[in-house]
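Note that the protein sequences, when read in sequence, are chains A and B.
Sequential numbering of the first sequence, starting at 0, is according to numbering that gives the first Met the number 0.
Sequential numbering of the second sequence, starting at 0, is according to numbering that gives the first Met the number 0.
Taking lysine-lysine and the DSS-like style, the derived pairs with C-alpha atoms no more than 27 Å apart in a straight line are:
1. A:Lys134 / B:Lys65
2. B:Lys141 / B:Lys65
3. B:Lys419 / A:Lys406
4. B:Lys419 / A:Lys342
Quick caveat, the hints were computed from the structure, so don't treat them as lab data.
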Amino acid sequence: MINAVITQIPVPKDIPLPLPLPEWILVAILIFSFLLHILFINLMVGGSILTFWYEWKGLKNKDHDKLAREIAATITVNKSLAVVLGVAPLLSINVLYTLYFYSSNALTGNMWISIVPWVSVAFLLIYLHKYSWDKLAENKTLHLSILALGVFSFLMIPFIFLTNINLMLFPEKWGEVQGFFSALTLPNVFPRYFHFITACLAITGVFLAVYFGRKSYNTESKFEHITKADLQKSMLTLALAATGFQFIFGPLLFLTLPTKGVTWGLFWVILAGVTVAVIILLQLWKMIKQNETIGRRFYLILGLFTILVAFMGTGRHMYRESALKTHKTMMAERTAAHWEAVKKAHENVLMPSVQTGEGTISPGEALFKNNCAVCHAANTRLVGPSMAEAAPVYDGNIEGLKQWIKKPGRKRMDYPAMTGFPNLSEQQLTDISNFVLQKDWN
Amino acid sequence: MDFPLFHLDFMGNRLLVAIIAILHVVINHSLAVGFAPLVTFLEFRGYQKKQVSPEEGAAWDETARKLLFTAFIITTTVGALTGVGIWFAASLANPASLGSLIRVFYFAWFTEWIIFVLEVVFIMIYFLTWKRSNENPKRKRKHILFGLWLSIFSWLTMAIIVAILGFMMDPGSWINHKTLFSGFTNPIYFPQLIFRTPIAMMMAGCIALLITAYILKRGNPYRPGLLKHISFWILLWTPVAAAGAFIYYWFIPRSMIGNLPVALGTQQFQDWYDSLLTVMIVVVSIGFAVSILGTFAPRRLPKHLLFIPVVASILFLGTFERLREFIRKPYVIGDYMYANGILVEEYPLYQQTGLLKNSPYSSVSEITDANRLKAGEEVFNLACTRCHTTHGVNSVVNRFERMYGTENPLNVEAMKVYMKSMHNVRYYMPPFPGNDMELDALAWYIQHQQAEPKPLEGPQIKGVDVKEIKY
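Can you build the whole structure from these sequences, using the hints too?
And the structure:
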């Protein structure tokens, strides 16, 4: 038994069912599907920020308005994929971290459930914005405000997820937090947030470089001045700048991680990721400087990004595992002890000494206790009249009583109706009735 | 017990789950399962008409596209989010049960998810390529074929969900077989499917009728033709829906009543069941009346009246889903876990040693006179809040007052007797899970709540008490 040194750690029991798959497979599914999900989330958030930016600049320069519209077209597709792809990691985290995830959900419950209406409304706003571009061409303020509301939502909602995912790692804090906002202020939520938003911009930059750079994309027919090279250059520059900023937010995140889960293994994995990031920066820099179009170097960068993301995803998982390791062991021990106790309790039930010392009771009395006593007491009114009042009605009329029990009528209008017992057998009815009529209720 | 228990003291957790789930089912059935074939059908008719009269064909095509547009917007926002929302809400309302279900049904849900992804991809392609498909007939034919695929996938998603639901509803099946397959061989699987499919088609028709009546102006020459076609679609499905409803109605009790071991359970079931029958008849008749009018006199269809069948069918599905929930009570997983999140197997332990002692989220271990009300509150939280509130929806105080009247303050002894055997009198409630001291504390708490009403905030507002448990 591990002594819980700090008394404030809740140690619940685990769910006594086996995992549906070996744990490592579930972990692999979790990491992979989560990264896929977050990729589209990144594109959705980054895309909407860029749309706002260009539409804003488009007030002066028509080309930018057109560019904003082109980017807006990608958001609605990416957001649909982001949602459906979120189900698999949600399922997997639910199975792997049931106790942790649900506890932190409950502790921030109001905000957590508000995700459903809030994201729905944000999506509706994004559609409204997309499909009212021509209608509101003369009222740009309104059009931009709609988008601003959507973007604002996209910027706020990640806080809810990050707060949850963070809170679940610290059972020792569960007794302290009071609602979402106090959980939000736990260390590490804000660094995670900035790391995430910056990643959105970096990934979106790379994505749009491909999107606008593809052969079938014709810039001449769409813009007056902007060329394909311009577009690619701006998008790659965005990716470069955002990745550069991660060298501030990344270390900040790492340094604010509560030490309980930091291990050397984690350190090396993160360091490997950082090394890849440095190479990416160099390659992006070269590409921009030499005005290269999409080609060998770009595919190299894509590959490096994938490796980077895989390292970061793995690091994230390693931290989670080591942060929860002690608690998981404690929980496993408590669960085992609990099931021992359950077994003992079952044995106690079987032992006659524990059974109530009331002696044997007639079948009629047992039936009465189970079915009637809830509503009828001997001398006081409960739901129904007292038995002292009700039993004499059927003195010498056992058939009448049986009939009443089976299918009661309506008599006392200041009482509710009695429910009938059509399913009692003839024998059971006789037993109850005999008991009722023979007992002295006074 | 093992989770901080999210609690909404006004609306109650069940209502929260119900609202999200019913919204999702309505959107899924009508706008995905039903709309896909209906829109494809209208698009196909438009294509045929184009051969004779290009203008009329184009009008039909455009109407079909607008219908799909509505469905597309709603399914990919509110529809998708309520789908995920069911998880969120259910895991808040009953974390122990969802946590267990997810372990049992992981593969089912995973399969479901893959089909769901395909469905979303298909609907995006179908919608986003619509305008381009009008460039030439070959493209159009491909597009229509695509609509057919979309219809099949939407339907498959539903077919799988129904299997999962059937599996969860059948008490005991999981304990005995522990395989997902038993969901498909469940005796009420096919009745449910036979019933849900035509209802989805009918609902889609009702909604399409409403939208079409509003988007096409009264003078539009193609309006009557379109309204007539959609009405006819509803008319075709109405008898199938009626038959499906009847089959379902006929099957449920035969496979369910046997599983209600207590006499009163059957009695209460009967009441709900009768209300379902009434609703079924009313809704099918309304659908029938509107479709007859629309088929034979499309010009006379009053458009505001078209809200009625839509609202009626939503109410209908709502009642239906409620019945399904009811049948599952008092268990969330048949014979394995009660709706309060406590396992059947754990009952003896808690009844002997007490709930509070075993809960890490309660500050009380031993009940004394000083902490009796606090203990009562925590017992209430563990044993009753999954279904009751203090003073809101399904308020426990109000329920007792309804039984005992309000002339006198609630009687502690009477409530104790009631709660001790509440499972026997009201089958849908699980037996009281704690020991006698806790029963006493709970009764005092309820009495106190009647005297001095005070809302019980959930942990999402006031946090949780934590204590160390000896093991």
